[in-house]
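Q: Below, each chain spelled out in residue letters.
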Amino acid sequence: MAGDGEPISEAEALDQLRQTDDQSRQYYAAWWLGRMRSQHPEAVPLLLSALTQRQPRDPGAGVEHNAVARNAARALGKIADPRAVPELLAVLDDADDGLREAAARSLGELGATAAVPLLVRRLASGPAVAGACRSDSPRLQEPCEAMLEALGAIGEARPEVLEVIRPFTAHDRPLVRSAACRALLQLTGETVWADELLQLLQHPQLQVRRAALMDLGAVGWRPALEPIRRTFAENSLKLIALRGLVEHGRGSGSGSEADSDDEALLMAMDALL
Amino acid sequence: MTAGSGDSQGAADRIRAFERAASAEELVAATRRLTDCDDPLATVPQLVQVLGFNNPGAAVAAVDGLIAMGTAAVGPLLANLDAHNYGARAWAVRALAGIGDPRGLDVLEDALATDVGPSVRRAAARGLGALRLEPLAEQEREGVRLRCLEALEAGRGDGEWVVRYAVAVGFEGLALPLSPPHPHRQRAVAGLRHLQQPEQEETLVVRLRAGVALKRLDNR
Numbered sequence: 001m002a003g004d005g006e007p008i009s010e011a012e013a014l015d016q017l018r019q020t021d022d023q024s025r026q027y028y029a030a031w032w033l034g035r036m037r038s039q040h041p042e043a044v045p046l047l048l049s050a051l052t053q054r055q056p057r058d059p060g061a062g063v064e065h066n067a068v069a070r071n072a073a074r075a076l077g078k079i080a081d082p083r084a085v086p087e088l089l090a091v092l093d094d095a096d097d098g099l100r101e102a103a104a105r106s107l108g109e110l111g112a113t114a115a116v117p118l119l120v121r122r123l124a125s126g127p128a129v130a131g132a133c134r135s136d137s138p139r140l141q142e143p144c145e146a147m148l149e150a151l152g153a154i155g156e157a158r159p160e161v162l163e164v165i166r167p168f169t170a171h172d173r174p175l176v177r178s179a180a181c182r183a184l185l186q187l188t189g190e191t192v193w194a195d196e197l198l199q200l201l202q203h204p205q206l207q208v209r210r211a212a213l214m215d216l217g218a219v220g221w222r223p224a225l226e227p228i229r230r231t232f233a234e235n236s237l238k239l240i241a242l243r244g245l246v247e248h249g250r251g252s253g254s255g256s257e258a259d260s261d262d263e264a265l266l267m268a269m270d271a272l273l
Numbered sequence: 001m002t003a004g005s006g007d008s009q010g011a012a013d014r015i016r017a018f019e020r021a022a023s024a025e026e027l028v029a030a031t032r033r034l035t036d037c038d039d040p041l042a043t044v045p046q047l048v049q050v051l052g053f054n055n056p057g058a059a060v061a062a063v064d065g066l067i068a069m070g071t072a073a074v075g076p077l078l079a080n081l082d083a084h085n086y087g088a089r090a091w092a093v094r095a096l097a098g099i100g101d102p103r104g105l106d107v108l109e110d111a112l113a114t115d116v117g118p119s120v121r122r123a124a125a126r127g128l129g130a131l132r133l134e135p136l137a138e139q140e141r142e143g144v145r146l147r148c149l150e151a152l153e154a155g156r157g158d159g160e161w162v163v164r165y166a167v168a169v170g171f172e173g174l175a176l177p178l179s180p181p182h183p184h185r186q187r188a189v190a191g192l193r194h195l196q197q198p199e200q201e202e203t204l205v206v207r208l209r210a211g212v213a214l215k216r217l218d219n220r
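Taken in sequence, the protein lines are chains B and P. Using this note's numbering, the first residue of the first sequence is number 1, and each one after it goes up by one. Using this note's numbering, the first residue of the second sequence is number 1, and each one after it goes up by one.
Keep in mind that the hints were calculated from the coordinates and are not lab data. The C-beta atom is built at its ideal place from N, Cα and C for all residues, glycine as well. Any given hint might turn out to be false.
[To be verified] Short, incomplete list of chain P residues facing chain B, as computed with Cβ under 10 angstroms:
{"hint": "1", "residue": "F53"}
{"hint": "2", "residue": "G157"}
{"hint": "3", "residue": "L208"}
{"hint": "4", "residue": "G211"}
[To be verified] Below, computed lysine to aspartate or glutamate pairings styled on EDC-like, alpha-carbon distance capped at 16 angstroms:
{"hint": "5", "chain 1": "P", "residue 1": "K215", "chain 2": "B", "residue 2": "E109"}
{"hint": "6", "chain 1": "B", "residue 1": "K78", "chain 2": "B", "residue 2": "E109"}
{"hint": "7", "chain 1": "P", "residue 1": "K215", "chain 2": "B", "residue 2": "E263"}
{"hint": "8", "chain 1": "B", "residue 1": "K78", "chain 2": "P", "residue 2": "E153"}
{"hint": "9", "chain 1": "P", "residue 1": "K215", "chain 2": "B", "residue 2": "D259"}
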């Protein structure tokens, strides 16, 4: 039997997720099924079952709690089967903020409009409460970045959604600001939010510049081409961002051929290889 | 900047300043200055040495400097390839890919097929389409190009989109100098057609890049 991290087959992954004695094997199997975007009929039911697994808290052990369930939540987003939506919605109210984070991201990937009221409710208290730092860890009360990104990805630009997101553009943490600007840019297309992201692309911390790169790529904001080229960050991340500009920034009229705007982006990518 | 070492364009002075660099930041600055002096060739051993220092900023500067040096840097790069220092080897692959000297062929082939780092494989794929074959005798040229084609064809199956993107760029670079009926050009075109098909290539940006390459090849 394969151990952690070794290549396994789909059948082995399903077996390892089905057994419950060895959680590290379940953890890896759940990740593997998501990574491979398994379309096996047993994959989603097994992942949904794994999503309900909870471990008693054991602060001394130093291991991640509910890790199998979190990987199951992530895998369900990657497999993108709408059957997973009701269970992922339930997980948005779980006590484990890491699990809420994974569920929010997956619901965003699934474009689940049913998640919008729940996400709005959890973020409604704003940066001072939902966005406040926890007393027991450097994490925030709510996984704000994931929830804001999910609202942007789902794409419901109703006034009450925008109102809840807007205060987070003034959050203390630049990564939260970046996520809020990304969501507002996706929902409104207003240049002011792109300008904020372009500012963050010049932030002194590499981690912030990386996040702004990923956010501009996720929106597909084409005017960001030059600032992306110039920012100090790894070429690998610039390539991912530029791929986003090519793929998400394409007008609805464009077919499968590159026009001259696309070509300018592709040549910029070539120069980063 | 240390007094007395900064103003001279002399390679010897800059090498001394480089050897005195005491912090990561100083090393980056000193490496940049090595690549901009009156006798760049004298600094090749130091630039090659930087690749093994685990200082990405300095390594980027050294790779740029070595690429600017061109074929003169190939001998020292090949002689100092260190199988036990992954980082140094990855930077050397990038330098060899940028220089485009056919003596780097073995290293680029091996890197595209086996390197664990997608950024190294993508550099190798780009390099395999950009080898400067003009100085070679015709028969040798054909043999080298065939090996490049075979390596790129295998690279189409890479699991990372960015490597397959670089393979498309590699096919284009390899085919452009050839006349349309040349069998190697036709083989590269077949490779690009494969990368353009949604049934065979899942990533849109890779398909678009392959399409641009095919358009350019048809127009010539």
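Q: State for each hint whether it applies.
A: Status of each hint after checking the structure:
{"no.": "1", "hint": "F53", "verdict": "violated, 18 angstroms"}
{"no.": "2", "hint": "G157", "verdict": "violated, 15 angstroms"}
{"no.": "3", "hint": "L208", "verdict": "holds, 5 angstroms"}
{"no.": "4", "hint": "G211", "verdict": "holds, 6 angstroms"}
{"no.": "5", "hint": "P:K215 x B:E109", "verdict": "violated, 34 angstroms"}
{"no.": "6", "hint": "B:K78 x B:E109", "verdict": "holds, 7 angstroms"}
{"no.": "7", "hint": "P:K215 x B:E263", "verdict": "holds, 11 angstroms"}
{"no.": "8", "hint": "B:K78 x P:E153", "verdict": "violated, 29 angstroms"}
{"no.": "9", "hint": "P:K215 x B:D259", "verdict": "holds, 11 angstroms"}
Going through the hint list in order, the structure does not satisfy hints 1, 2, 5, 8.
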